[in-house]
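Student: Numbering (the UniProt record's numbering), first residue to last: 1 to 393.
Simulated from the structure, these hints should not be mistaken for laboratory data.
Glycine included, every Cβ here is placed at the ideal spot set by N, Cα and C.
It cannot be assumed that every hint is accurate.
Taking lysine to any residue and the SDA-like style, the derived pairs with C-alpha atoms no more than 25 Å apart in a straight line are [as the list claims (entries may be wrong)]:
{"hint": "1", "residue 1": "Lys97", "residue 2": "Gln72"}
{"hint": "2", "residue 1": "Lys225", "residue 2": "Gly74"}
{"hint": "3", "residue 1": "Lys25", "residue 2": "Leu275"}
{"hint": "4", "residue 1": "Lys97", "residue 2": "Arg198"}
{"hint": "5", "residue 1": "Lys225", "residue 2": "Leu275"}
{"hint": "6", "residue 1": "Lys97", "residue 2": "Lys206"}
{"hint": "7", "residue 1": "Lys143", "residue 2": "Phe249"}
{"hint": "8", "residue 1": "Lys97", "residue 2": "Gly204"}
{"hint": "9", "residue 1": "Lys225", "residue 2": "Asn33"}
{"hint": "10", "residue 1": "Lys97", "residue 2": "Ala171"}
{"hint": "11", "residue 1": "Lys225", "residue 2": "Pro194"}
{"hint": "12", "residue 1": "Lys225", "residue 2": "Thr164"}
{"hint": "13", "residue 1": "Lys206", "residue 2": "Ile144"}
{"hint": "14", "residue 1": "Lys25", "residue 2": "Gly46"}
{"hint": "15", "residue 1": "Lys206", "residue 2": "Pro131"}
{"hint": "16", "residue 1": "Lys97", "residue 2": "Leu234"}
{"hint": "17", "residue 1": "Lys143", "residue 2": "Tyr130"}
{"hint": "18", "residue 1": "Lys206", "residue 2": "Pro134"}
{"hint": "19", "residue 1": "Lys206", "residue 2": "Thr229"}
{"hint": "20", "residue 1": "Lys225", "residue 2": "Gly120"}
{"hint": "21", "residue 1": "Lys206", "residue 2": "Ser113"}
{"hint": "22", "residue 1": "Lys225", "residue 2": "Pro114"}
{"hint": "23", "residue 1": "Lys206", "residue 2": "Trp239"}
{"hint": "24", "residue 1": "Lys143", "residue 2": "Gln72"}
{"hint": "25", "residue 1": "Lys206", "residue 2": "Thr164"}
{"hint": "26", "residue 1": "Lys225", "residue 2": "Lys25"}
{"hint": "27", "residue 1": "Lys225", "residue 2": "Ala196"}
Distance ranges between label pairs, derived from CB positions [unchecked claim]:
{"hint": "28", "residue 1": "Gln219", "residue 2": "Phe47", "range": "26 to 32 Å"}
{"hint": "29", "residue 1": "Ala8", "residue 2": "Val274", "range": "49 to 55 Å"}
{"hint": "30", "residue 1": "Tyr59", "residue 2": "His180", "range": "44 to 50 Å"}
{"hint": "31", "residue 1": "Pro194", "residue 2": "Tyr163", "range": "40 to 46 Å"}
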Amino acid sequence: MDVVQTCAARAESLGRSTLRALTSKTAQRTLLNTVLITVASVVLYGFAVLGYLLFYHNYLPDQVTTVPVHLQYGYGTHPYGIASLHPPYTSSSGRMKDLQAYDISVSLTLPRSPPNLERGNFMLALHLLYPTIPQRPGMDVQKILSEGWDVLYTSTRPAIMPYTDPMVSTASRVLFLGYHILFPHSETETLVVPMAERLTFPRGGKLPGSLVLEVQAGQNLQVYKTEVTLTAQLSGLRWVMYNHWLASFMVFTGAFWGLEVVFMAAAWGALMLVLGGVGGGEGSGDKVGIKGGEKGTGRRIIKGEEEMSDTERTFPSTSKQPPLRYEGRVKTEEGVEGTTALAEVPAVGAEADDEDDEIATEGFRDSGIGTSGYSDHLSREGARRRLSGRRPS
């Protein structure tokens, strides 16, 4: 039973000490700071993720951008088309970037008709202009190029329909006659003509807003579809961010979040210093103060120190010596508080100034540590001796 009670007492004591530790102001302050730091860190990480996504969206171009071009016939010597390099054909991040290499190609989808097969070589002219050109019917290419638009890049490349031997073409048509009947669009040819390789624009310079494509093959050329493809040749940081997007996401968001936490900690520390300085100035009187709350006494009290009682105390001394008396602080006539001192009690048998005062103050004397009985006894003996000395014999 004693062992059980001892264990129970220890458990109860441990529980109380744990409860006191958990409910102490230090623990509450620590918990509050932890919650605030955790919430702030989560919010800052969300901002870091959002910042990286915005940076990724604005810094990286679309790797492949395809712009359809609608050729205009009957307005000039050759069919031409104007297309914008801005949305909706490209995303907001897909606009051409400076210091970024591009490969540009033109795709022509042509039927294998006799006029196209007999055409032979023809030229394609591509012009990149700034700013965006309004698309109006009836515009002439030469007039467009001379109306004050900034031509940032011009390229002309040749193109030709692939040659096929007549015997091979006839045999193919006979063997795949059913297929050609069911799918008439199979008799098409797609020409891909590269117009630029690793084309870059200087930093801070003008970027193309429109393109003008002219098919210099006359009005008899038959075309199903025309497209211009811009392929970004990524390198450096853009290549890393595009091909290793997960690692880039973790590294950049971690870096952004770390910087945010550092700045938050610096701001928090500065705020604590400011608030601590203000609080320390207001509460300095609590840490070090003047005894009795008045200036000029010369004694300072440290915070938490208990002030001793102002009542008189009597301390025993060595043998054959009168006891020592601690006198309380008294105020002088000018209202200034006097200093405390230890004074010797008059010798045994000496006359007291006032018998009533001596007797009245006996009840208010408290002794030193552990000597109250002995001090009171000596005080009473001294009082009786002084009274007996004053009585007439």
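Student: Evaluate each hint against the coordinates.
Tutor: Okay, the hints, checked on the actual structure:
Between the alpha carbons of Lys97 and Gln72 the distance comes to roughly 29 Å, so the proposed pair goes past 25 Å and is violated. Restraint check for Lys225 and Gly74: satisfied, since their Cα atoms lie roughly 17 Å apart, inside the 25 Å limit. Distance hint between Lys25 and Leu275 is fulfilled; the C-alpha atoms sit about 18 Å from each other, no more than 25 Å. The suggested pairing of Lys97 with Arg198 holds, with an alpha-carbon distance near 13 Å, which does not exceed 25 Å.
Taking the CA atoms of Lys225 and Leu275, the gap is about 72 Å. The hint is violated against a cut of 25 Å. Taken as a hint, the Lys97 and Lys206 pair is honoured in the structure, with Cα atoms around 10 Å apart against an allowance of 25 Å. In summary, the hint linking Lys143 to Phe249 is not supported, as the alpha carbons are separated by about 48 Å, beyond the 25 Å threshold. For a cut-off of 25 Å, the pair hint linking Lys97 to Gly204 stands: about 10 Å separates their Cα positions.
With a CA separation close to 66 Å, the supplied pair Lys225 and Asn33 exceeds the 25 Å bound. The suggested pairing of Lys97 with Ala171 is violated, with an alpha-carbon distance near 50 Å, which exceeds 25 Å. For the given pair, Lys225 sits about 16 Å from Pro194 by alpha-carbon distance, which is consistent with the 25 Å threshold. Pair hint Lys225 plus Thr164 holds up; C-alpha atoms about 22 Å apart against a cutoff of 25 Å.
Simply put, Lys206 and Ile144 have alpha-carbon atoms about 18 Å apart, close enough for the 25 Å limit, and the pair holds. Under the criterion of a C-alpha separation no larger than 25 Å, the hint pairing Lys25 with Gly46 is inconsistent with the structure, at around 32 Å. Restraint check for Lys206 and Pro131: the C-alpha separation of about 9 Å stays at or below 25 Å, so the hint holds. Note on Lys97 and Leu234: the hinted pairing holds, with a Cα-Cα distance of about 11 Å set against a maximum of 25 Å.
Taking the CA atoms of Lys143 and Tyr130, the gap is near 15 Å; set against the 25 Å cutoff, the hint holds. At roughly 18 Å between alpha-carbon atoms, Lys206 and Pro134 fall within 25 Å of each other, so this suggested pair holds. At most 25 Å may separate the alpha-carbon atoms for a hinted pair to count; Lys206 and Thr229 meet this at roughly 20 Å. With a C-alpha separation of about 19 Å, the suggested pairing of Lys225 with Gly120 holds against the 25 Å cut-off.
Taking the CA atoms of Lys206 and Ser113, the gap is near 42 Å; set against the 25 Å cutoff, the hint is violated. The suggested pairing of Lys225 with Pro114 holds, with an alpha-carbon distance near 18 Å, which does not exceed 25 Å. Simply put, Lys206 and Trp239 have alpha-carbon atoms about 23 Å apart, close enough for the 25 Å limit, and the pair holds. For the hint linking Lys143 to Gln72, the alpha-carbon distance of about 15 Å falls within 25 Å, and the restraint holds.
Taking the CA atoms of Lys206 and Thr164, the gap is near 44 Å; set against the 25 Å cutoff, the hint is violated. Among the hinted pairs, Lys225 with Lys25 is inconsistent with the structure: their alpha-carbon atoms are about 77 Å apart, more than 25 Å. Pair hint Lys225 plus Ala196 holds up; C-alpha atoms about 20 Å apart against a cutoff of 25 Å. Gln219 and Phe47 have their C-beta atoms about 59 Å apart, which leaves the hinted 26 to 32 Å range violated.
The given range of 49 to 55 Å is respected by Ala8 and Val274, whose C-beta atoms sit roughly 50 Å from each other. A hinted range of 44 to 50 Å for the beta carbons of Tyr59 and His180 is consistent with their spacing of about 49 Å. Distance hint check: the CB atoms of Pro194 and Tyr163 are about 20 Å apart, inconsistent with the given range 40 to 46 Å.
The structure does not agree with the numbered hints 1, 5, 7, 9, 10, 14, 21, 25, 26, 28, 31 stated previously, though it agrees with the rest.
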